Amino acid sequence: MAGKVYRSKVLLSRASGRQIIDGAFASARDKGMEPLTVVVLDGGGHPVAAEREDGCAPLRYPVAQGKAFAALGNGLASGVVGERNAERPAFLSSVAAASGGRSVPVSGGVLILDASECVIGAVGVSGASSAEDEQAAIAGIEAAGLAWGLEPG
177 MAGKVYRSKV LLSRASGRQI IDGAFASARD KGMEPLTVVV LDGGGHPVAA
227 EREDGCAPLR YPVAQGKAFA ALGNGLASGV VGERNAERPA FLSSVAAASG
277 GRSVPVSGGV LILDASECVI GAVGVSGASS AEDEQAAIAG IEAAGLAWGL
327 EPG
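Reading the sequence shown from the start, the letters are residues 177 to 329 in my numbering.
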């Protein structure tokens, strides 16, 4: 028998990740959106759950993951990162380089918050318009009974 190891504290469970994905997909189907890919990351940027709907193009996964990573890495929604820095291409290039090309500062990446408004993860969605991707991400987070954040108020 293998020895015991210390376990990590789970702030965003796999079950919550699945609920987020299911909620995002349900919202997208209700609104007639194009097929989506949804990626849920924990607070360290590691995938908790991810799924691609039938008919969704293969590059949607890295785009969805990049949107979630951009939100997580900057502490605000991926679309806000892009909007705030539209006139600062050197900053966006630096962030892209620092993240190893993993950051996609386009709407569709939304932070997942705990009751104290601390970040515990992020969701990234790709497949529809950027605004629709963001709506689906928010719907998924709400379906899991969690709080979300775009930018501090």
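Please keep in mind that the hints were generated in silico from the structure rather than gathered at the bench.
There may be inaccurate statements among the hints.
Stated by the list, open to error - Label-pair ranges, simulated between beta-carbon atoms: (1) A178 <-> S269: 43 to 49 Å; (2) K180 <-> G329: 42 to 48 Å; (3) D198 <-> A291: 33 to 39 Å; (4) D206 <-> K180: 44 to 50 Å; (5) A178 <-> D230: 27 to 33 Å.
Small disclaimer: the values here were computed from a predicted structure and weren't measured.
Ideal Cβ placement from N, Cα and C applies to all residues, glycine included.
Worksheet entry | Satisfaction of the hinted span 42 to 48 Å by the C-beta atoms belonging to K180 and G329 | holds, 44 Å
Practice prompt. Could you see if the CB distance from D198 to A291 stays within 33 to 39 Å?
Written response: violated, 22 Å
Worksheet item: Do the Cβ positions of A178 and D230 conform to the proposed distance bound of 27 to 33 Å?
Response: violated, 39 Å
Item to complete: With respect to the beta-carbon atoms only, verify the hint that D206 and K180 lie 44 to 50 Å apart.
Response: holds, 46 Å
Worksheet item: Does the Cβ distance between A178 and S269 fall inside 43 to 49 Å?
Response: Hint holds: Cβ distance 46 Å, inside 43 to 49 Å.
Checked against the numbered hints listed earlier, the structure breaks hints 3 and 5; every other hint is satisfied.
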